[in-house]
Amino acid sequence: MDINTASKTMVDAKSPKRFQSKDKYYLFLMALPFLVLAFLFSYLPLYGWIYAFYDYRPGIPLSASEFMGFDWFTSMISNEIQRQEVLRVLRNTFAISSLNIATSVLPVIFAVFLVELRSTRFKKIVQTLTTLPNFISWVLVYSFAFMLFSVDNGFLNNLLLDLGWISRPLNILASDDHTWMAMTLWSVWKGLGWGAIMYIAAITGIDQEIYEAARVDGAGRFRLMWHVTVPGIMPTFFVLLLLSIGNFINNGMEQFYVFQNAMNTNHIEVLDLYVYNIGMTNSNFGFATAVSMLKSLVSLFLLFVANSMSKIIRGDSIF
Amino acid sequence: MKKRWYGSALLILMCAMLVFTSACSNNNGGNSADGGTKAPAASGNNENPDREEITIDVFSMLANYAGEQPGWFAKLVKDKFNIKLNIIASNLAGGQQKIATMMASGDLGDLVVFGTNGRDYQDAIKAGLLLDFTKDDLLNKYGQGLLANAPEAIEANKKQFGGGTAVYGVGFDVGTGEGPSEGATMNYGPNLRWDLYQQLGSPEIKTLNDYLPLLKKMQELEPKSENGRPTYGISLWSDWDGSYMTLAKVIAQFHGYNEGDGLNPAGMILTHQNKDEWQGVLDEDGYYLQGLKFYYDANQMGLLDPDSLTQKFSDVSNKIKDGQVLFSHFPWVDNVYNTPERTAEGKGFALVPFADEKVTSYGQSPYGGNRVWAIGADAKDPERIMEFLSWLYSPEGVMEANYGPKGLAWDIDGSGKPFVTEYGWKALPANAEPVPAEYGGGTFKDGTNQINNTTLKLTNINPDTGETYDYNLWPSTLNHNPDPVTKSWREATGVMTAKDYFVKNNMIEVSKPFFTTETPVTVPAQLQQKIDGIGKIIKEYSWKMVFAKNDAEFNKLQEEMITKSKGLGYDEAVAYEVGNAEKMVFPFR
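Line order of the protein sequences matches chains A and B. Residues in the first sequence are numbered from 1 upward in steps of one, following UniProt numbering. Residues in the second sequence are numbered from 1 upward in steps of one, following UniProt numbering.
Okay, the calculated bits of chain B under chain A, using three or more residues with CB under 8 Å as the criterion:
#: 1; segment: 303 to 310
#: 2; segment: 527 to 541
A few chain B residues that don't get close to chain A, going by computed Cβ distances all over 10 Å:
#: 3; residue: 144
#: 4; residue: 336
#: 5; residue: 397
#: 6; residue: 424
#: 7; residue: 462
#: 8; residue: 516
Just so you know, the hints here were simulated from the structure itself, not pulled from any lab data. Heads up, the beta-carbon is just placed ideally off N, CA and C, and yes, glycines get one too.
Modelling step: build the complete structure from the supplied sequences, incorporating the hints.
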């Protein structure tokens, strides 16, 4: 931009009317690419909901596919046993999601204590080791679990047998005891370090002067943590909490897919896995779309509820 | 200001391009989906002897290898046709989802291999994704091998899928003649550790349940494997389960029954191989529940591998290899144990059937099986692909595509009879034996035909030699230095092969080929959804029953399984499948 244009802009800017009309459009143009992207990737795909009303087969155009109306929606609750199935699946979904939300405070605690560590080297090692599992796929996690817990040659059984603590090997993977708990523990193990990154960043963002001021006031280490660090990262925590409430019904399926077997399927089958087992294995895209539609609506509803709750309780919300 | 304006205009332009390109790709998909009309441009230059090299995309739903075909088979195809094969394997890239993606993209590649002639194949025809072999007289001009060796299979495909005029593919395992189509061994055993069985005095086994006390004794005789791991009578795996527990269904296959009806997709019924009889999977006195009881009893006696539920097939295969398992359902699963070192010591698996057994066998079918070879509608050089496919269906092609070029692993002797060469004994069927550079290099194993679908049935007689294509059945092979286990088994049974044993003792039920003009049904989407739901219940309860603590729990679980399945529409599914079988299969065989 040369000087002439710059000065001209300044002249323009002095007149409030011109300022408005010119830069309004300019700003809009700057935002436009992102609006287009949001439209392309978030709104255009909604067109795909149309598949929920057809018996779609890949390769055959929609116009030649059979129209199903609301059959895919009603088939979920078509009879007593089917209703029980859906209820069971929802119960699992809600239980595991609740446990996940309950444990979402763990990364906060972990982050708060981690930044308190004096030795940088030790801190780095701990952080690397806890972040690493996040990058291991669930399939590998399962083979790791199988090595640890298999009956025939598992590490745990071998150890306990050698120590003489048990006489018969335990079959941990093929049991339905505490399935929800076990699944939660696995996901905590996998996600703890990764989840803490956001909070560590938030902690580094806290103004050091506040700490100094608190120290001057005679606050000890734990007082600093409780009265400065924790309030400092609460906004981050609540934003993430609200988003995870919005995702209450989406547990994902990989974890449960690799760990499922006949023994634990009663308690491990969450909604996403159920849709996979019923719909995707047989390319029933219509049914899968119908369920995901319902899921989107429920998620949206939950997010709004959580947001207004936050408005009422904390006087603060994300939108 | 001007520059600004340019910048903004550029931005808008880019956004517009983004929108339009995405719209364009959408259109393309739609176009090719409704148009099988795109004529493969007739290139008249195929008589040219030095044709340019082409690479064709082979989309095989059966292949377990992806990428360019390596080794001796690549060299063979390159020398004969100047074609390179680029194999796309849905098995390695998401399975059914990959197939769906390929279908939705409107291009299935050049040569296509379908795992079944069911829904995907029929949808591909409907969507115009497959080439009609009769178009431009392609079949008559370039498909002589097909017409000569599989005429009835072509005709059957035309009647079943092409409305009587078009040919959209050809089935696999085309064969003629009577009797079982299997090679030296059958698909099913059961096989036991022959050495232990002999040490126990080869007790007579009348029924399936007689295996259990015997396995108990075998386990006591050999409580630890060579590596010191505990041995199990039976070890199961769950990753092959479909609508029910696959290994419990195998019990029906020991009794002459098979899943489905031989034409339509298998679901909830088992039908007899050649009688018009059927049973539902959950029939109280049916073979499936009998199978569950068998494994339950095995578990009660401490014979069942406790990892059965959580392990995969590969884990079991390793256990068999280590000698941890004493019973095997399938002969092609236990051959990992029979290494030359072990058989030299007299240790090995061999067939030990029960007296009541009627093993399920597939007869020769001139109409071909349900795995289909087809050509993509947009194939680049349909003539040359047809030539290649035609060669695969010729006697020469069958021999070379399966066992390598003549002179390497096999050869013809002075009297015109085939024999396995010294090299062949080391390399066949697919060992990691180095291949000389002149034949393509690499190892024999890597160089095998990776498309993984057959053309003519290997147990057919090769008109060029008068022997079967399958080298295991050549007299020169059968008399080639049998190992001590095989020798001992032959002495004890008085026959040469497992197949001979079943045939001689009339313990076999062979399916008869039947011809129908009916297309295999595609199950209505809603019923299919119900069947999937029922299948989930059956699988879950089946495994729970096998590991039930006592009879009371076993019976309670069985009752629950049946109640729940019926609540989800089990009876409706069975009635539908039986109706299809009675209408489309039973009257024609």
